[in-house]
Every structure is written in structure tokens, then in C-alpha cells.
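Undergrad: Residue numbers (my numbering), protein chains in the order written: chain E, 27 to 352; chain D, 38 to 955.
What the hints contain is simulated information worked out from the structure, not anything from laboratory work. Computed from a predicted structure; not experimentally measured. Careful, some of the hints might be misleading.
Straight-line C-alpha distance at most 35 Å; calculated DSBU-like pairs for lysine-lysine [claimed, not checked]:
1. D:295 <-> E:167
2. E:159 <-> D:258
3. D:45 <-> E:167
4. D:951 <-> E:335
5. E:228 <-> D:45
6. D:123 <-> D:637
7. E:82 <-> D:595
8. D:488 <-> E:335
9. D:313 <-> D:295
10. D:637 <-> E:82
11. D:488 <-> E:295
12. E:167 <-> E:180
13. D:295 <-> E:322
14. D:637 <-> D:624
15. D:825 <-> E:304
16. E:106 <-> D:50
17. E:180 <-> D:258
18. E:322 <-> D:160
19. D:624 <-> E:319
20. E:335 <-> D:50
Covered stretches of chain D (chain E as the covering partner; in silico rule of three or more C-beta atoms under 8 Å from a C-beta of chain E) [to be verified]:
21. 83-95
22. 320-334
23. 523-530
24. 815-829
25. 877-884
26. 940-953
Positions of the beta carbon are idealized from the N, C-alpha and C atoms, including for glycine.
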Amino acid sequence: MLRLPPFELLQPATLAEALELKKQHGEDAMYTSGGTDLYPNMKRRQFEPHFLIALKGIEELSRIEIKNGIRIGAGVSLDKVANHPFIQEHYTALSTAAGLVSSPQLRKMGTLGGNLCVDTRCTYYNQNYPWRKSLGFCMKKDGDICWVARSSPKCLAVSSSDCAPVMLALEADFILLGNEDQRTIKAEEFYQDDGIHYLRKKPDEVLISISLPEKSGWNSVYKKLRRRGTIDFPVLGAAVSVRLDEDGICQDARLALGAVSSAPVLASKASEKLLGKKPDSDLIQAAAYEASKLAKPMDNTDMNLGYRKKMVSVFASRALSEAIAS
Amino acid sequence: MEVETASKTIRFKLNGQACSIASNPVTRTSDVLREELGLTGTKVGCDAGDCGACTILIDGEQRFACLTAAGQLEGCDVQTVEGLAKDGKLSPLQQAFHRYGAAQCGICTPGMLMAAQSLLNVKPSPSREEVEDALGGVLCRCTGYSKIVAAVLEASGTETQELPADADSGFGSRTRKVDGEPKLLGTEIYGADTAPDDSLWMRVVRSPHPRATFVLPSPEKIIEENPGLMRILTWQDVPGNNGFGIYPHIKDQPVLAKDQVRYRGEAVAALIGDRKSIEAVTDDDLGIEWVPQDAIESYESALEGKISPVQEIHEDNLLARGFLKKGDAESVYEQSLIKAQGSWETSYVEHAYIEPEAGYAVKRGQRLELFVSTQTPYMDRDEVAQVLGIGPDQVRIIPSAVGGGFGGKLDCSVQPLLAVAAWILEKPIRCTFTRPESLASSTKRHPAKMKASASCDKDGSLTSLSFEGDFNTGAYASWGPTVADRVPIHCSGPYFVPNILAKTRALLTNGPPSGAFRGFGVPQSAIAHEALMDSLAEQTGIDQLEFRLKNALRKGQKTGSGQLLENSVGQAECLEALQSRWQEWRKASEEFNNHSEIIKRGVGIGCCWYGCGNTSMSNPSTMRVGINSEGTITLYNGAMDIGQGANTIMIQICAEALGLPASSFQFIMGDTDLTADAGKTSASRQAFVSGRASQLAGEHLRTQIIHLAEAEEDANLRLDGRTLWVQDKNGEHSILLSDLLPRTNGDVLVGEGTFDPPTTKLDENGQGSPYATYGFGAHIAEVEVDLKLGTTRVLRLAAAHDVGKTVNPTQVEGQIQGGVAQGLGMALMEEYVQGVTENLHDYLIPTVGDMPDIEILLIEDPEPLGPFGAKGIGEHALIPTAPAILGGIRQATGVSIHRIPATPDRVLQAIQQKGMQA
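Construct the entire structure; sequences and hints are all you get.
TA: This is how it looks when you write it as C-alpha cells:
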């Protein structure tokens with residue numbers, strides 16, 4: 027059945043009010059912003075909160091501040107991120123990734139923060155309630171087994187955010203506000219490779235903004251693999267940012283992969299191969315191959331896992347080549 | 038926990054007017070608009086943000102109404118499709134949609150219009166790419182998007198396509214859809230859009246297991262605990278036969294399963310009550326005890342006999358067989374020097390109409406009235422009657438507008454359940470399937486496992502073709518026997534083949550029932566015969582198009598079933614029409630490949646033929662046309678319009694025969710109390726069979742008028758209010774219609790026409806004349822394959838079809854473009870996997886950006902039996918697409934794909950395997 031379970035929508039005007047509401051309702055409450063992922067998941071009974079705390083409408087979450095880089099409020103819509111001229115110029119990979127999320131309607135509704143926190147996905151999990159029940163619930167919701175790999179002690183659902191790997195590549199800091207304090211965490215530390223506990227975010231914390239360092243002289247690229255040109259979640263994402271000197275020598279490089287495990291993965295060893303060198307196609311291939319070692323796709327999203335594994339080096343190499351050439 | 042669901046006042050602007058509603062702020066905006074404000078123009082296709090049918094504008098920007106909480110509308114400016122027209126006049130965008138025929142079934146139209154409007158609001162002159170981007174979140178299953186994009190571009194003034202400025206309405210003209218305006222205004226009423234005010238809702242409880250036995254505990258306690266829940270229907274409540282099915286002698290699918298289920302999605306109970314209650318009571322609350330059993334989910338397990346059969350009466354899981362033998366294919370093949378063979382496997386393909394199954398039923402006296410989205414009101418009538426154990430004359434089917442069918446709405450879905458509920462509760466009952474429910478429970482295209490071989494002589498003349506195909510027909514018969522029958526006749530393609538051997542089987546499995554889907558198995562078998570043609574052409578050194586042209590069926594030749602083709606055989610002309618493009622495209626792709634290593638292009642070709650009408654069966658249609666005393670002409674059209682345009686073309690044909698303009702017609706569609714039985718909208722038969730009946734009805738009415746006026750046969754008719762003027766060489770005669778006595782439905786003059794296409798039975802070797810006429814066609818497709826990713830993009834496609842005579846070019850083009858889109862989906866991305874596919878986020882149909890430019894070439898070799906020479910196009914349009922695309926992949930990569938759809942992982946695997954061999 028595809029009806030929402032009963033719940034109450036709480037619409038705080040400020041972050042302080044939102045935190046207070048969360049404190050009050052604890053596990054009974056969830057934060058929501060665009061709701062584009064949460065509502066369908068609630069219809070499938072993947073989440074059954076009694077209260078939804080709407081972050082939409084909290085003005086301070088929708089600000090964009092350009093100063094020593096950029097600070098983007100978590101409530102800024104994906105559409106705005108995709109079409110923001112400064113982001114397009116300085117953080118191309120981010121505008122590309124935001125513009126490739128799902129469909130135009132969803133990008134108007136969905137937010138950057140929402141995409142960065144989007145639930146992990148799995149063939150056995152993204153099913154409606156009776157279906158999951160008939161198979162036996164999996165450990166991500168209501169059960170204790172992982173149907174993808176029965177011996178797995180942890181959930182293998184896949185990180186399916188387009189923007190998350192970009193944040194790793196762009197050295198983003200995430201700013202979290204909780205009841206006790208505000209803290210800043212590096213993008214790569216925000217995620218962890220566990221399909222259930224995929225965010226290192228305390229339940230009360232709200233991702234309020236993303237801070238990107240100044241990136242002049244860098245080129246960044248995001249490439250997404252999916253079956254159709256629109257709507258679909260990434261089957262694979264590759265984000266690259268590089269800085270070359272005037273002679274084409276690589277001064278700095280970061281490569282991150284999305285949809286290869288429960289967290290976006292920073293391929294440091296791969297990008298290190300490029301440092302201090304003038305990347306040619308052999309070197310790029312070698313780096314891409316190194317990156318592919320990190321990907322451990324499982325048979326739980328679109329297309330077979332052997333294929334998805336193979337695609338990692340192809341995508342990494344293409345993203346690197348494009349970033350280096352541009 | 039009790040959650041407070043108090044109403045709150047929400048104020049916003051709706052279509053320019055201040056609007057204030059008292060609603061629970063968590064209610065979906067789609068529900069608020071449809072249920073609380075009665076604005077049913079906003080459609081719900083998936084309820085999950087996957088299809089875009091519910092797209093509305095909030096503060097000028099496109100949003101999903103199904104994912105927007107009503108509370109979020111506070112202070113917003115909301116615009117729905119109902120707000121586009123001003124003072125009853127279509128907006129420029131709506132006018133462009135109308136002119137281009139951009140709305141076929143019309144169910145995606147409101148979403149498309151709003152998505153397009155959101156773009157035009159900020160970008161009055163967008164590029165084609167910007168239009169495609171803006172429409173990227175709205176799915177259409179009918180049009181192939183071509184006419185939609187063209188209409189948006191015209192409305193923006195950036196591009197115009199050559200269309201006659203103001204189309205006249207005669208036969209062969211681009212008459213606009215007679216039912217087009219309501220689809221554009223959002224006022225068209227589909228299955229879920231209306232029901233009597235006091236209707237109760239029905240929710241069907243379905244099996245989550247592919248095979249299981251079950252016990253349903255007595256529902257008394259649940260009903261007691263839930264005052265809004267009126268009843269839980271089980272198999273015991275079915276008053277007549279608890280079984281339905283397409284064939285009169287096979288009613289094997291239970292309305293409600295008794296104690297065992299045979300596929301995931303089978304109905305076991307139905308909750309009846311107020312909407313809130315039937316939604317609040319969960320399947321878990323019913324306490325059904327399921328005992329899952331080993332399921333038969335492969336051809337092998339169906340044939341092995343290790344697991345007990347799907348249905349007890351079919352011990353070997355063999356539902357039906359088909360057979361055709363002409364000459365001695367086996368020994369000719371053995372002796373032949375040039376031969377080709379291969380095997381192919383295709384998947385379950387879902388119709389994915391954007392309108393889920395919906396309707397309502399109400400008991401009126403001793404009659405049952407059913408308002409439903411259907412392709413076949415008369416079959417529904419008979420089916421419902423036998424389920425209720427009453428006479429067919431006690432059932433009235435009133436079809437809603439149909440938001441897409443493609444064969445999927447030929448089978449019963451909500452019909453028997455609604456009928457039973459309304460009959461025994463004596464209350465109006467309504468039901469709309471959810472998308473996951475529709476996907477799980479509805480019929481699919483048969484998956485096929487095929488083996489085929491063919492041979493030719495050194496000059497390239499075909500000498501033999503053999504075909505063996507197993508078709509997975511799922512848990513219940515549905516149209517399985519039809520597929521088993523139709524495929525042997527068509528599996529040799531539109532070619533003259535002297536020796537043919539064809540064997541088909543329809544196998545029962547614990548999968549969803551496979552039914553009718555645009556082509557009844559022929560699109561699957563076309564993949565096999567076209568791959569064989571390519572291989573033989575290559576071996577003989579003859580160009581692939583020329584090889585097909587050389588072997589094309591022609592007038593005076595006999596088909597595989599021994600039928601002499603006397604008229605309307607335009608296969609060669611279709612191929613000839615494509616010749617110059619074929620050479621040009623092939624050259625262009627070769628040149629491209631010369632300087633491209635990783636991206637390779639190829640051009641492929643596919644041909645089709647398809648018999649119009651039911652196989653070796655009487656399948657008559659009767660159409661009526663009347664004039665009333667006011668001078669209104671009504672066509673009583675029993676030929677369901679499911680978006681393809683039957684309402685429009687039947688009027689065009691009838692008007693031509695009658696000699697009065699189509700613009701003076703109104704119509705009634707499919708109501709079994711008011712129209713005659715025109716048969717099913719299937720098998721590409723309506724334009725041909727009901728078209729001919731419309732022509733005869735028009736001629737019959739004309740004859741009466743001429744007779745009344747005592748005028749000459751070739752007289753001109755003119756309608757002027759209540760006066761009918763008849764002018765011949767002797768002068769003008771007038772008939773005052775109000776002077777004539779009314780007959781049926783207030784009409785004073787009634788014409789009726791019946792046409793039953795002549796066919797003969799097939800003998801034990803499949804020999805006979807199964808169809809009165811065939812349509813022919815060929816597609817060429819240029820594709821681009823990324824050798825490293827295995828991804829395929831179709832760059833352009835040209836489609837040539839022999840349609841006999843074109844009744845309405847806009848509609849024919851729309852059919853072809855839509856067929857190509859479905860063929861493309863079947864070739865590259867569509868695959869329903871029971872227990873995995875959940876909604877439209879994992880059943881992928883082509884989006885606007887996945888479609889190539891499509892060029893259409895209409896060949897007219899008139900069919901004397903058809904209305905003014907016309908014949909069908911509905912299914913033909915899809916058949917050659919997949920073979921052409923797969924041929925293009927072969928040309929581009931050198932590899933053949935044998936497992937369909939050709940998803941990137943499969944294509945890449947084939948490329949790498951070949952690389953390893955080399």
C-alpha cells in the first residue's frame with residue numbers, strides 16, 4: 027500500500043526550535059526538508075516517525091555565502107546549486123552533480139543537505155512492507171539478516187548520493203548543529219561504510235551548511251552512470267578535482283567514488299599517483315585502476331556487480347582525463 | 038501511538054484565486070486537489086515522484102503534488118492544469134499540444150503541460166535541449182515524446198514543424214482529436230476521477246509470495262474493531278463463477294484465491310469501507326497464515342516436473358502449443374550451404390500505462406453498472422456477468438477515458454472485484470490500484486526463449502526458416518494461447534520463405550500472467566528472424582536492406598500459412614523508401630567510426646508484418662450513426678479509444694462515407710447500453726475492422742437520406758440546423774428532421790454497419806488464411822555504443838509503414854512514434870523481475886531524453902476491405918524497432934546480443950567476450 031502512515035508535521039521557524047522539538051520527541055521524530063526521498067520511503071514503511079520536523083522554511087538554512095570559498099546552506103535546493111553561477115564556475119563538479127540528481131521537479135524540491143544525507147539503497151530494502159515481510163525483513167529495517175550477503179555482519183546498502191563524492195573531492199566541511207554544540211566535520215568523516223549507520227551524525231544533529239574551501243586554479247568534474255538520462259539514482263558516480271601548474275604538473279588531486287559501497291570513497295592512493303607528474307593517459311589509467319580496487323560493489327542495485335566494478339576504472343579515468351584537460 | 042491529525046486552515050492562491058482549505062497539513066497536495074477540491078486534472082501515476090503525472094506549479098516552478106504536504110502550500114501560488122485556459126480558451130501551449138496531437142491518451146498531458154509551462158515562465162524561447170531537460174521528470178508511454186517536444190517548441194515560437202495551418206476534417210486530414218480539448222483542459226474523466234459521492238473504497242489484499250497456501254482467519258474481529266471497515270470479501274463472496282480469463286472455456290484466474298496463490302500479486306481478499314479505514318487496516322492485521330511453497334520461476338523448472346504443476350489440470354505446465362509447417366524446412370536447411378542460427382531470450386515487459394487500473398461499480402435495481410478504464414467493454418460485460426452469475430444484459434459497462442492500455446487493459450483488473458463488492462453490499466464501490474499493485478498484479482509481455490535457424494541459396498533467396506519458442510505465460514492463461522497461435526504465422530517475417538517449421542509453447546510458471554502487449558509475441562520473434570536475415574545477408578555478401586528487399590513478400594505470393602496475398606502488400610515499398618537513408622546513414626556511421634575508437638556507431642534494420650484482427654476467428658464490429666431531430670449527428674462508437682485516436686478516425690471515416698463534415702459529429706464511446714459491440718481494441722483491428730463498419734454505417738445512413746429525398750446517389754448533403762439539404766443535378770431537396778419520428782436514442786435516422794474480416798481456420802499444419810489483411814513496415818536505426826561502458830544511445834530512426842491509406846497523418850505518426858518508444862524500451866532497458874521491480878523507479882521506461890529523432894514515411898498500398906483502403910498500425914509500429922536497434926549494436930560493435938534488453942552490462946560482457954576470443 028502506498029499511503030503515508032499517520033504522522034504530524036512540525037514546522038519550526040528557527041533552528042533552535044527545530045532542535046528543541048527533536049529533543050522533546052527523540053526517536054519519534056525525524057528531520058525532513060524537501061521530503062522527496064523520505065515520503066516515498068515512509069509510504070513503503072521504511073521509516074515510521076510520529077513527527078516530522080520540517081527544516082524547510084528555516085531561513086538560515088537556505089543562505090549561500092561567498093567568502094573564503096563558499097558556504098552553502100543545507101536547505102538550498104538542488105536546482106539552485108545546479109544553476110548558481112559561482113558554483114558552476116568554481117565548483118563545477120558540484121553544480122553538475124546537483125543537476126544530475128533525479129528530475130527537474132525533484133531538484134526544485136530536494137535540497138543539498140537532503141541529497142548528502144539521502145538514505146542508502148538496496149534491492150532488498152527499497153521494497154514495500156508486505157514484500158519485505160514475505161522475504162523476511164533485512165537488518166536495515168525490522169530484521170537481522172543481510173540478504174545481499176547472509177554472512178555479512180553489517181548492512182551493505184549503497185550510498186546513492188550524487189553530491190556526496192563531490193564533497194569529498196572538493197574537501198568540504200560539513201557543519202552540524204546539535205543540542206550541545208555546533209561542530210565541523212570533514213566530508214569524508216561524515217560518512218561511514220555501514221548501510222544502516224551511514225552518517226556520523228548524532229540523532230539530534232542537523233546538517234546546517236557545507237563549507238567549501240576556495241578552489242581557484244582547480245578543475246572539478248563529476249560523472250554519473252545510470253541507465254537513463256534522467257530520474258535514476260547513480261549506479262556509479264566519480265568526482266574529481268585537480269590542480270595543475272602552468273606546465274601541466276599535477277599539484278593536487280582528489281578522486282572520490284559514489285555508489286560503490288555504503289559510503290562515498292576517497293581514492294587517495296589513486297590520486298597520489300598523479301602528484302608531481304604530468305598526467306598522461308597511462309598514468310591516468312594506472313590511477314583509475316588503483317581507484318577501482320576500492321570499489322566493492324554488491325549485487326544489490328541496478329546492473330550486475332561485475333559490470334559495476336569494471337566501470338569504476340573507466341569512469342575514474344574519464345573523470346580524471348576531463349578534469350585534467352579542462 | 039495516537040498521532041494527532043487535526044485539520045488546520047491552509048491559505049494559498051490556486052489558479053489565481055484565493056483558496057482556503059481546512060485540511061490535515063500532512064495530506065498530499067495531490068489528494069487535496071483531487072479529493073477535497075475536485076480538481077482531478079492533476080493525475081497520480083506512481084505516488085512516489087517517479088512519473089511526474091502529478092506535476093503542478095508552486096510559485097511558478099514544477100513540483101510533484103504527490104510529494105508535497107498540503108501544509109507547505111501556505112502562502113504559495115499554486116497552479117494546476119485547470120488554470121491554464123483563460124475564459125474557456127486554450128492557452129497557446131495547450132493549442133500547440135492540440136495541433137500537434139501531443140496528447141494521445143492524455144494522462145500525462147497535465148503534468149507535461151505544467152512542466153513545459155514552468156520552463157516557458159522563465160525561458161519564453163527555450164532550445165530543444167532545454168525543453169527536453171524541463172520535461173525530463175514526466176513520463177509518457179504513448180507518444181514517444183516527439184509531438185510533445187514539437188508542441189512546446191512551437192508554443193515558444195522557436196521552431197515550427199510543417200503542419201497545415203487549419204486542418205480540415207475529412208478522411209486523410211490532420212483533424213485534431215475530437216476528444217482532445219478535455220484532455221488538455223484537465224477535464225477528461227479517467228477511471229480514478231469520479232465515483233458517486235457515497236462510494237465506499239476497496240483495497241485489495243495480495244499475495245507477497247510467488248506460490249503459497251494460506252488460511253485467512255475469520256474477519257469478524259477486525260471488522261468489529263474498525264467501524265469504518267464494512268466488509269472483507271473472500272472467495273466465498275463471489276456469487277457466480279470465481280474465475281475469469283480471456284477465453285470462454287478458460288476461466289482459470291480466481292477473482293479471489295481460495296486457499297492457494299500462484300504468483301506474487303494475486304488477489305486474496307478485498308477490504309471494503311471508508312477510505313481511511315481500508316488504508317489503516319494493514320495486511321498484517323488480517324493475520325493471514327502463509328505457507329510458502331517452491332515456485333516454478335524458470336522454463337527449466339516448468340518442464341522438469343520436479344515441482345508440482347502450477348495448475349493441477351496442466352500436469353506438464355503446458356498451456357498451449359502452436360505449430361506451422363510448410364514444405365520441409367529441416368531437410369532443406371541440412372542441405373543448404375548458407376545458413377544461420379541462434380537463440381534469444383527476452384524478459385517480462387510491463388505495459389506501464391501511466392493511469393493505474395481504476396473504476397467504480399454500482400448496483401442499480403437488478404443491474405450492475407461499472408465505470409472502468411478498459412480496452413474492451415463488451416468482454417468486461419460478459420466477464421462480470423459470469424462472475425456475478427447474472428445475464429450479460431444485466432451489466433452495463435461505461436468506459437472511462439483510458440490513460441493508456443497497450444494490451445494491458447484487455448484483461449480484467451478491478452472489474453470482477455468491484456462488481457462483486459457493489460453487488461453484495463448494494464453500495465457504490467470505487468478502487469484505484471497503487472503503482473506497485475498495478476505492477477505486481479497486471480499482465481505482462483511474455484518472456485520468450487527462442488531458437489531459430491534459416492538458410493538461403495547463393496543468390497540470397499531464402500530457402501528455409503525454423504523457429505522454436507517457449508513463451509512464459511505466467512500463472513494463468515490470459516492471452517497465452519493467442520501468443521502460441523500468432524507467433525508461428527509471423528515468425529518467418531515479411532518474407533517469402535518456401536519451407537517453414539515453427540513450434541511454440543506457452544508454459545505456465547509462478548510468475549505474473551503474461552497477456553496481450555502490443556504484438557502478442559510477434560515483437561519477440563521478430564528479434565530472431567531479423568538477426569537471421571542480417572547473418573544470411575552478410576554470408577552472401579548482399580547488403581542487409583537489399584537482402585530483405587529481395588525476399589520481401591509481394592502480391593501473388595503465399596505466406597507461410599499458405600495464404601495468397603492479393604492486395605495491399607507494401608513491404609517492398611517500405612524498404613525502397615528507406616534505401617537512400619540507409620546508404621547515407623551507413624556511410625555516415627562508417628566515417629564516424631574511422632576516427633572514433635571508443636564510441637562506435639552502427640545502423641541496423643528491422644522489418645515487420647502483422648495480421649490485423651484476431652487469428653482465424655470471427656471478430657466482427659458493429660458501428661451505428663444517428664441524426665436526431667435537432668440535426669446532431671452521433672457516432673455510437675464501440676471501438677475503445679485508448680489514446681490511439683479511434684474516436685477521431687471513426688468519425689472521419691463515417692463522415693466521409695456519409696458526406697457530411699466530421700465537425701458536425703458528436704460521439705459516445707464504448708457504453709455497452711448505447712453502442713454496439715465493436716470488439717476489442719487490440720490486434721491492430723479497430724481502424725481496419727471498426728473503421729470499415731463505420732464506413733458501412735455512414736453509407737447506410739446516406740442511403741436512407743438519399744432515398745428519403747428521392748435524390749441521385751452522388752448527391753451532396755448539407756446540414757443546416759434541423760434541415761438536411763440534399764442536392765443533386767435535379768436541384769436541392771430538403772428533409773426537415775423534426776418531422777421524422779424518433780427511433781433509438783432520439784435519433785430520427787440511424788445507419789448501422791457491421792464488418793467481420795474474412796478468415797479461415799488453420800489446419801493441423803497451421804495452413805489457412807488467418808487474417809483478412811496484413812500491415813507491413815521497416816525501421817532503420819542509427820545507434821551509438823560506448824565500447825567501454827556498453828551503453829547504447831539511439832541517435833535517429835526512420836520508420837516506413839504500409840498503412841493501406843492514412844486516415845489521419847497526425848494520429849498515425851503518433852502511433853509510430855509511441856511504438857518506437859516502446860520498442861526502444863524493450864530493446865534497451867525494460868525488464869520486470871517478480872519480487873524485485875517495485876515501482877517506476879526500478880521499472881525503467883524511456884524518458885524524453887532517451888528518444889531519437891524519428892522520421893516517418895507512410896506507404897499507401899490500399900486494402901480493398903479496409904475503410905477507404907486503410908488498415909491497422911497499432912502493433913506494427915513497435916515490432917521492427919528492437920531488431921533495428923539490436924542490428925545497429927551488431928554493426929557498431931560486431932557483437933550480437935542474445936539476452937534482451939541489451940542493458941549496458943550485457944552489451945559490455947558481449948564486447949569483452951568477443952575481445953577475449955579474438
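Undergrad: None of the hints should be skipped; say for each whether it holds.
TA: Results for each hint:
no.	hint	verdict
1	D:295 <-> E:167	32 Å, holds
2	E:159 <-> D:258	23 Å, holds
3	D:45 <-> E:167	33 Å, holds
4	D:951 <-> E:335	19 Å, holds
5	E:228 <-> D:45	32 Å, holds
6	D:123 <-> D:637	50 Å, violated
7	E:82 <-> D:595	70 Å, violated
8	D:488 <-> E:335	32 Å, holds
9	D:313 <-> D:295	27 Å, holds
10	D:637 <-> E:82	47 Å, violated
11	D:488 <-> E:295	49 Å, violated
12	E:167 <-> E:180	12 Å, holds
13	D:295 <-> E:322	46 Å, violated
14	D:637 <-> D:624	13 Å, holds
15	D:825 <-> E:304	24 Å, holds
16	E:106 <-> D:50	24 Å, holds
17	E:180 <-> D:258	40 Å, violated
18	E:322 <-> D:160	44 Å, violated
19	D:624 <-> E:319	41 Å, violated
20	E:335 <-> D:50	51 Å, violated
21	83-95	holds (count 6)
22	320-334	holds (count 4)
23	523-530	violated (count 0)
24	815-829	holds (count 3)
25	877-884	holds (count 5)
26	940-953	holds (count 5)
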